[in-house]
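Number of protein chains: 2
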Amino acid sequence: MSLFRPDVDALEGYVPGEQPQESGWVKLNTNENPYPPSPRVVHAIQQASQGRLNVYPDPLGKGFCQAAAELFDLDPEWILPANGSDENLTIIIRTFADKNDLIAYPYPSYILYETLAQIQGTRHARLRLEPDWSWNLKLNRPLIEQSKILFVPNPNSPSGNHWDHDIIRAIVPPAGVLVHDEAYGDFVDEPHRMELLHGESGRQMIVTRTLSKSYSLAGIRFGFCVAHPDLIAGMRKVKDSYNCNTLALAAAEAAIRDQDWMLENRRKILGTRERLENSLTELGFNPVPSQANFVWVTHPTISHEEIYQELKQRRILVRYMNFASAIAASNEHSPATVNGLRITIGTDDEINVLVESLTEIVS
Amino acid sequence: MSLFRPDVDALEGYVPGEQPQESGWVKLNTNENPYPPSPRVVHAIQQASQGRLNVYPDPLGKGFCQAAAELFDLDPEWILPANGSDENLTIIIRTFADKNDLIAYPYPSYILYETLAQIQGTRHARLRLEPDWSWNLKLNRPLIEQSKILFVPNPNSPSGNHWDHDIIRAIVPPAGVLVHDEAYGDFVDEPHRMELLHGESGRQMIVTRTLSKSYSLAGIRFGFCVAHPDLIAGMRKVKDSYNCNTLALAAAEAAIRDQDWMLENRRKILGTRERLENSLTELGFNPVPSQANFVWVTHPTISHEEIYQELKQRRILVRYMNFASAIAASNEHSPATVNGLRITIGTDDEINVLVESLTEIVS
Chain A
1 MSLFRPDVDA
11 LEGYVPGEQP
21 QESGWVKLNT
31 NENPYPPSPR
41 VVHAIQQASQ
51 GRLNVYPDPL
61 GKGFCQAAAE
71 LFDLDPEWIL
81 PANGSDENLT
91 IIIRTFADKN
101 DLIAYPYPSY
111 ILYETLAQIQ
121 GTRHARLRLE
131 PDWSWNLKLN
141 RPLIEQSKIL
151 FVPNPNSPSG
161 NHWDHDIIRA
171 IVPPAGVLVH
181 DEAYGDFVDE
191 PHRMELLHGE
201 SGRQMIVTRT
211 LSKSYSLAGI
221 RFGFCVAHPD
231 LIAGMRKVKD
241 SYNCNTLALA
251 AAEAAIRDQD
261 WMLENRRKIL
271 GTRERLENSL
281 TELGFNPVPS
291 QANFVWVTHP
301 TISHEEIYQE
311 LKQRRILVRY
321 MNFASAIAAS
331 NEHSPATVNG
341 LRITIGTDDE
351 INVLVESLTE
361 IVS
Chain B
1 MSLFRPDVDA
11 LEGYVPGEQP
21 QESGWVKLNT
31 NENPYPPSPR
41 VVHAIQQASQ
51 GRLNVYPDPL
61 GKGFCQAAAE
71 LFDLDPEWIL
81 PANGSDENLT
91 IIIRTFADKN
101 DLIAYPYPSY
111 ILYETLAQIQ
121 GTRHARLRLE
131 PDWSWNLKLN
141 RPLIEQSKIL
151 FVPNPNSPSG
161 NHWDHDIIRA
171 IVPPAGVLVH
181 DEAYGDFVDE
191 PHRMELLHGE
201 SGRQMIVTRT
211 LSKSYSLAGI
221 RFGFCVAHPD
231 LIAGMRKVKD
241 SYNCNTLALA
251 AAEAAIRDQD
261 WMLENRRKIL
271 GTRERLENSL
281 TELGFNPVPS
291 QANFVWVTHP
301 TISHEEIYQE
311 LKQRRILVRY
321 MNFASAIAAS
331 NEHSPATVNG
341 LRITIGTDDE
351 INVLVESLTE
361 IVS
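Here the protein sequences line up with chains A and B, keeping their order.
Okay, so the first sequence: first residue is 1 according to my numbering, each after it adds one.
Okay, so the second sequence: first residue is 1 according to my numbering, each after it adds one.
Please keep in mind that the hints were generated in silico from the structure rather than gathered at the bench.
One thing to keep in mind: the hints can contain errors.
[Said to hold, decoys possible] Listed next, the stretches of chain B that the computed footprint assigns to chain A, with coverage defined by at least 3 CB atoms under 8 Å from CB atoms of chain A:
hint	region
1	13 to 23
2	88 to 100
3	241 to 249
4	341 to 352
[Said to hold, decoys possible] Distance condition first, Cα-Cα at most 27 Å in a straight line; then the derived DSS-like pairs of lysine-lysine:
hint	chain 1	residue 1	chain 2	residue 2
5	A	312	B	268
6	A	62	A	99
7	B	312	B	268
8	A	99	B	99
9	B	312	A	62
Just so you know, these numbers come straight off a predicted model, no measurement behind them.
Glycine included, C-beta positions come from ideal geometry on N, C-alpha and C.
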């Protein structure tokens, strides 16, 4: 007798990227920011640590909401804080998708959407992207029409490409919500200022953001949703009352109020990204031009898994992703089997070490 | 057209106790610990704040698990950390209960169980307690037999009474799990050392714990489950990968390793509790003898809501709880309508202020 829900029994479970806890690794596998967070964040945490940790946090995180609202020129009722953007996604699914509803997402993209749909026990579908990572609207329109939730990471992962706003408006499901997952949104050439939410289709759109990447705060687990207050109100009913702790709320507010710090790190990362893309091309790789803090790269002849293993032996971690086997394991018919390496943009020194190693490996 | 799940549309949403963010209140309404956390906790947070917040936390929280395992003389695989005990409960429901499954809980008890069952869209049932807060096994046996999850807060809230282990073993659902919610477990005369998990019925039991109450850490949102590793493995598939942040993990490990600090605060609270119970009795109230850090109290003639309002005017917050209206709103037939006041054990000074005010109000 299994005590678990059948959906849970069937679940393999999401496997996050490797997180070695010891030092000595060049860690380019989970899209963390190589630079530290703002000193104001550290100060805010230290202040909060001496405050009243014996009492519950503000359940609505009003201080953070106010700061985020100012950044995007919205009312605070448009903001919902969460314990990491993964919790954003979980709250959204539990608010909008029942067993018989369809959750869809482009493929290949963020694998967690599928895992979360499986946990919720909903129907789910992959919307196959073209080999150049563009949308095939004709092929996917029927599934989009049926979707209760359509998750769209933009920039996409693992590819790092960015779809323009016309395509996003064109794929809002007629009786559902489009979740514009902007985990990497600050690395786009022209970051989104929430203008997508202002039009008619904006009433069916939720933007998700995280402080893990651009704000260098993967360790504090902080994300937030931006959406019309009617949508936020429903999600608030589903979230745990005190889903963000006092320390994370203080850190997040300080982080978002120090835009200069974030933008300076962004500037460095974009410079390093360009340098890496050029080096990869020179070494015979085919990088996808990136609008994120990572680069998706394939090589025409050498096995990507082998390159990953060779790098790992040198204590350099990149992410080897094999969507081919996932496609084979599904019942779906697909020509677009894909595998490759996703490389996070580290510091210049880290990328130098990587490029040296890659030079050895491919020569 | 509503975009929400029908279950979410139907939901009123859990209303947590009032959390005034300004100072100047005697706050005896949400069972927080009036004493600060261990200085070692503050130190651990400050250390962690200067560490690598740009990288993800350890997804398994191994340091904390090790410390908790040592405390209970178990292997670390028996421990699952969570973002507050509310997340414990959410993870458990999403792991074990499908739409057609039954979630049951004694009534009156912690209202959140019902809200979480409604969010998940499962069947749910209140197991009516006797007027003296004991179990009526004959009445409730049929529902217990059907339950996939039976939540039992022990000590119970709002009553503060503690059921002995024989009754707990007797109500494990034959094809489900019993969740022994020990939010207030450290305030019991003889705290549970996980011996319930060792017997045969222990394979179907999950203990939930929180650092919010006895460890004075409501602000960091940290709870954990203790259960057989087979059960923990299923729950791990459901939880968000990085559900606890780096700061909370550091704080929690430091807290649980400083038992002396917790036990000294416990000692003070138990002394104050006895004093409060005596004062309440002298004033003509009927307190239920408590094994928790709060006292449930009724008065034979004066309206509890009025007392609550009178206290609030004096900037003293206690929790007025009216289970009568909830019973009336349900379709269930019940003689046991209950309302009263749940008073958190504050400092001696706070309880002195309360008792003075109550003396004025009832005289």
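Verification of the supplied hints:
1. 13 to 23: It holds: at least three residues are needed, and the region 13 to 23 of chain B offers 5 whose Cβ sits within less than 8 Å of chain A.
2. 88 to 100: Check passed, 7 qualifying residues.
3. 241 to 249: Satisfied; 8 residues make the cut.
4. 341 to 352: Not satisfied, violated; 0 residues make the cut.
5. A/312 <-> B/268: violated (54 Å)
6. A/62 <-> A/99: Distance ~33 Å between residue 62 of chain A and residue 99 of chain A Cα, so the pair is violated.
7. B/312 <-> B/268: holds (25 Å)
8. A/99 <-> B/99: holds (9 Å)
9. B/312 <-> A/62: holds (23 Å)
The structure shown violates the earlier hints numbered 4, 5 and 6.
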